[in-house]
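Asker: Could you put together the complete structure from these sequences and hints?
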Amino acid sequence: MSHHSFIVTNSGPLLETHIGISLPKLQVMSAANQTPPVPVLARMLVDTGASHTSIDQKFVAALGLTPTGSVAVLTPSTGATPHMMPSYDVAFYFVNGHNGGTHTISIQTVTACDLSAQGIDGLIGRDILANTTLTCVGPLGMYHLSF
Amino acid sequence: MSEPLETLAAELETFNEKLPEWQDQTNRFVLIAERDVLGFFDTYADAVTAGYKARGLSPFLVKQVGAFGAIANFTRDLFRGPCLTTAS
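Respectively, the protein sequence lines represent chains A and B.
For the first sequence, the working numbering gives the first residue as 1, with consecutive numbering after it.
For the second sequence, the working numbering gives the first residue as 148, with consecutive numbering after it.
Since the hints were made in silico from the structure, they are not lab data.
Just so it is clear, CB atoms sit at the ideal spot from N, CA and C, and this is done for glycine as well.
It is possible that part of the hints are untrue.
Said to hold, decoys possible - Which chain B residues face chain A? A few, computed with CB under 10 Å, are given here:
#  : residue
1  : Glu150
2  : Pro151
3  : Leu159
4  : Thr161
5  : Leu166
6  : Thr173
7  : Leu185
8  : Gly198
9  : Arg202
10 : Gly203
11 : Phe207
12 : Phe226
Answerer: Written as structure tokens, this is what we have:
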């Protein structure tokens with residue numbers, strides 16, 4: 001397992017990760033002798049209020065992502081009428097675990113939105129958290145995440 | 148339809164047209180390219196992998212069939228709009 005412990009900041013439980021194109025897309029690009037984009041560092045918020053994982057839209061351009069799906073999204077501002085958003089397939093690389101471990105998610109669906117004003121690059125939602133153990137130690141201002 | 152989704156317009160139209168026929172495929176992931184339904188898969192990863200194998204870097208759509216999980220909920224607002232508060 002890969003274990004990660006971090007301080008809960010004023011912005012919440014943040015986690016640095018690298019985001020890249022998904023493994024099957026990487027294989028297709030390599031087979032076509034195309035240079036795949038280098039994974040980019042992202043500061044993600046662990047968000048139990050998000051059912052799905054989302055990334056800032058700047059990564060869509062940075063990674064040359066094209067939509068491979070669509071998802072109906074409900075937020076406080078949408079009311080009961082979902083907003084249709086494109087979804088993209090990406091890979092996540094969680095590095096610097098306690099034991100030096102790296103955890104890779106080779107295919108993960110994400111939506112993309114403008115999070116620039118919120119000081120974060122994305123939300124780690126419950127679709128990823130469903131495969132982790134998440135512990136918040138409030139009095140110590142820390143949280144632990146194990147894959 | 149948002150601009151990125153315009154590249155999948157034919158696939159989304161096919162999905163919406165065929166959806167009523169797929170009651171026996173609920174919760175599975177359908178793979179569509181243009182007007183062709185290429186298959187149903189148990190996991191998102193399997194469907195995306197099959198999509199790249201079949202289509203390379205050409206557009207394809209992977210979408211879960213009629214599932215509760217197809218709607219994403221966010222308690223945080225993801226869309227920028229006019230500020231609803233008044234500066235004091």
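Asker: Please go over all the hints and tell whether each is borne out by the structure.
Answerer: Structure-based check of each hint:
1. Checking B/Glu150 against chain A by beta carbon gives a least distance of about 9 Å; that is within 10 Å, so the hint holds.
2. Nearest Cβ of chain A to the Cβ of B/Pro151: about 4 Å, under the 10 Å cut. The hint holds.
3. Nearest Cβ of chain A to the Cβ of B/Leu159: about 6 Å, under the 10 Å cut. The hint holds.
4. About 13 Å separates the beta-carbon of B/Thr161 from the nearest beta-carbon of chain A, more than 10 Å, and the hint is not met.
5. For B/Leu166, the interface hint is violated, since its Cβ never comes within 10 Å of a Cβ in chain A; the closest pair sits about 13 Å apart.
6. Because the beta carbon of B/Thr173 sits about 16 Å from the nearest beta carbon in chain A, more than 10 Å, this interface hint is broken.
7. With 10 Å as the threshold, the beta carbon of B/Leu185 stays out of range of chain A, its nearest partner Cβ sitting at about 13 Å, so the hint is violated.
8. Of the supplied interface hints, the one on B/Gly198 holds, with its beta-carbon coming within about 7 Å of a beta-carbon of chain A, less than 10 Å.
9. Using the Cβ-Cβ criterion of 10 Å, the hint placing B/Arg202 at the interface with chain A is satisfied: the shortest such distance is roughly 9 Å.
10. Annotation: interface hint on B/Gly203 holds; nearest CB of chain A at approximately 5 Å, less than 10 Å.
11. With a least beta-carbon distance of about 6 Å to chain A, the hint placing B/Phe207 at the interface is held under the 10 Å criterion.
12. With 10 Å as the threshold, the beta carbon of B/Phe226 comes within range of chain A, its nearest partner Cβ sitting at about 6 Å, so the hint holds.
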